[in-house]
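Trainee: Take a look at the letters that make up each chain.
There are 2 protein chains.
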Amino acid sequence: MTTRPPAEIGMSLDEIDTPSLVIDLDAFERNLRRLADRVQGKGVRLRPHAKTHKCPVIALKQIELGAVGVCVQKVSEAEAMVYGGVRDVLVTNEIVGRQKLRRLMALATTARIGVCVDDPAQIADLDTAAGEAGVTMPVHVEINMGGNRCGVEPGAPALDLARRLGDSRHLSFAGLQAYHGSAQHLRTWAERQQAISGAVDKAAMTRDLLAQNGIACDSITGAGTGTFEFEAGSGVYTELQCGSYIFMDADYGRNFDQDGSPTHVFEPSLFVWATVMSRPRAEHAIVDAGLKALGMDSGPPTVWDEPAATYERASDEHGRLGIAAATNRLNLGDKIRLVPGHCDPTVNLYDWYVAVRGDRVEAVWPITARGAVY
Amino acid sequence: MTTRPPAEIGMSLDEIDTPSLVIDLDAFERNLRRLADRVQGKGVRLRPHAKTHKCPVIALKQIELGAVGVCVQKVSEAEAMVYGGVRDVLVTNEIVGRQKLRRLMALATTARIGVCVDDPAQIADLDTAAGEAGVTMPVHVEINMGGNRCGVEPGAPALDLARRLGDSRHLSFAGLQAYHGSAQHLRTWAERQQAISGAVDKAAMTRDLLAQNGIACDSITGAGTGTFEFEAGSGVYTELQCGSYIFMDADYGRNFDQDGSPTHVFEPSLFVWATVMSRPRAEHAIVDAGLKALGMDSGPPTVWDEPAATYERASDEHGRLGIAAATNRLNLGDKIRLVPGHCDPTVNLYDWYVAVRGDRVEAVWPITARGAVY
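Residue numbers (the working numbering), protein chains in the order written: chain B, 21 to 394; chain E, 21 to 394.
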């Protein structure tokens, strides 16, 4: 596999090969501290989502600043985290299939591992696998917050699954997985507040129904970078799962804060470092970062070093920048920073982060859960 | 890195972990032979594009059936091919940057390596690097066929670069890179024919201008899966660069043949094998393959095992299938085959192909150029 890093420690920024994934460490560390500071004293735990960074080095930095552990979506991501030193991992997802369940339970013999369910059949299979492995696993019931992806409806269907967990031999009911994904990119503060207000009501109603039936609900976990302040202040959510806040991306940058200004709680710290490889026409610069170097599902990247340039079109290995309104840079051979439209799928394309302080490479971190889809 | 394969040789299809990349070997081999057969006797060489498969095992199969070598887009892809036993690699792209040029020239000491240019500055840097490495490199001049990506305009600008190559000390003018990418997915046969007719005229005009100036143009290379029959029959193109034909994908499947029927020259042989992981509502099945398991830039996948199901929405790790009109399968735990919308970026997400004959895993091939972006 192509595991040669694109840089070595001590190199200057201009020496880093392209396309590559560069972290601005100063901005990254400010983001890390900002979320930790904002959560402190709110009575909620922080459990950042490692699906964003896929890197135990970063997970351990989050835990050092007070996070209780991390979330992941896949068993193979959980493996990468546990093998990288993380002791507390919640799989915020349903896990189906005998082999995957065996791997999940094997991890639970050495770390605290949780998982989610939205179907009685999953509970039966988890219970069998936990029994075979000789572990007891805490299980969250996932409820549908309106995104219509996984999750049972709030209220009675969640109560039914919680009861089944209580009746199982090797599982325990841990709480509610109540992530409202489709609220994260609602553009205005008021829209996001309203959406999370509805989610809080659904979670609280379910929690109260559980209580009326003698079932304690110690954990209501959810929230993302776009909405975490609402969940944190809700008095209902007990745990936050923000992931993208460490890096931000162009799509989160299109959210607006309460005062109507573009969001500025966090700042872009993740860049795709690219080279201008062709200048065939005055109005176009072609860069070496296309669909295999950038997640494009939430729109194209922005051009950090030349905001007057527009990333117009991606093909597999090329990006075409429109530069009619630009520019000082963007000559053949120039290197530029692009802010990915969506950080998570972009990170998943790379094996290494190049962590830069100012102009100097300070660290090169392996993205050990890159490609960890199963 | 996550390099554990999702299957072992001898497993049945249902035992393969998901999401994973499965090749139907019978269909794949039919595709390989069909192109080889159609090219035979046409007086054109076949040089398939390895950017599609990123796997030297497949490259060597193509060469065994008559291909003269392969194309790649990146130096790191060329490294993967040469290290995997391929002796003739054309980089159909401009390579910029001192370190990349050194790596390119190092490969040229052990294999036949070619590259493209569209700027005098690239020629100067290539000439220096070739001289330092003690090699002579054949160089194609890339001409813009209308896609407005890389490439100089046909005619005089190409002649200028060919002359500069002739004047260089360590490079030779090898011919014209004349790939018309934007013609590949024009839906009707007539549209594609017309587009390639224009490309052929541009290439022929440039070739004739070179001849009038005493410069032989031995190679005019281009063509893709959507148009290769036109280039093959043109009398102008000398080499074909088709890549996707081995796998096909849902987007190529939307092209029409001359008789107005959906294209059937090649057949889907590449699938993303996915598991139904949640069935929270009657109308939805949630699968474990989302944006990190499927290239979505050319539309969502089709559902091979249940055409009445629709892949409605992708999130990072989930796909939501609409199944109101379906279905026998698609129960919790069922595994299904998805035909990716676009094969190239999908392949780039995986480390392994699971090659299946009927219901049995026959081989597991490493995708050694996965992530080879630099």
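For the record, the hints were derived by calculation from the structure and aren't laboratory data.
Hints are not guaranteed to be accurate.
Simulated DEER-style distance windows between Cβ atoms [to be verified]:
no.	chain 1	residue 1	chain 2	residue 2	range
1	B	R54	E	T129	19 to 29 Å
2	E	R189	B	H284	39 to 49 Å
3	E	T208	B	A141	29 to 39 Å
4	B	D277	E	D279	56 to 66 Å
5	E	E152	B	S32	21 to 31 Å
6	B	E84	E	G151	49 to 59 Å
7	E	E303	B	A141	14 to 24 Å
8	E	A131	B	A345	20 to 30 Å
9	B	A126	E	T156	26 to 36 Å
10	B	S281	E	R189	49 to 59 Å
11	B	R50	E	D238	51 to 61 Å
Predicted model only: the values in this text are computed from it and were never measured.
Backbone N, C-alpha and C fix where the C-beta goes; we use that ideal spot for every residue, glycine too.
Trainee: Confirm or reject each hint.
Mentor: Hint check results:
{"no.": "1", "hint": "B/R54 x E/T129: 19 to 29 Å", "in the structure": "violated (51 Å)"}
{"no.": "2", "hint": "E/R189 x B/H284: 39 to 49 Å", "in the structure": "violated (55 Å)"}
{"no.": "3", "hint": "E/T208 x B/A141: 29 to 39 Å", "in the structure": "violated (48 Å)"}
{"no.": "4", "hint": "B/D277 x E/D279: 56 to 66 Å", "in the structure": "holds (58 Å)"}
{"no.": "5", "hint": "E/E152 x B/S32: 21 to 31 Å", "in the structure": "holds (22 Å)"}
{"no.": "6", "hint": "B/E84 x E/G151: 49 to 59 Å", "in the structure": "holds (51 Å)"}
{"no.": "7", "hint": "E/E303 x B/A141: 14 to 24 Å", "in the structure": "holds (19 Å)"}
{"no.": "8", "hint": "E/A131 x B/A345: 20 to 30 Å", "in the structure": "violated (43 Å)"}
{"no.": "9", "hint": "B/A126 x E/T156: 26 to 36 Å", "in the structure": "violated (56 Å)"}
{"no.": "10", "hint": "B/S281 x E/R189: 49 to 59 Å", "in the structure": "holds (58 Å)"}
{"no.": "11", "hint": "B/R50 x E/D238: 51 to 61 Å", "in the structure": "holds (58 Å)"}
Checked against the numbered hints listed earlier, the structure breaks hints 1, 2, 3, 8, 9; every other hint is satisfied.
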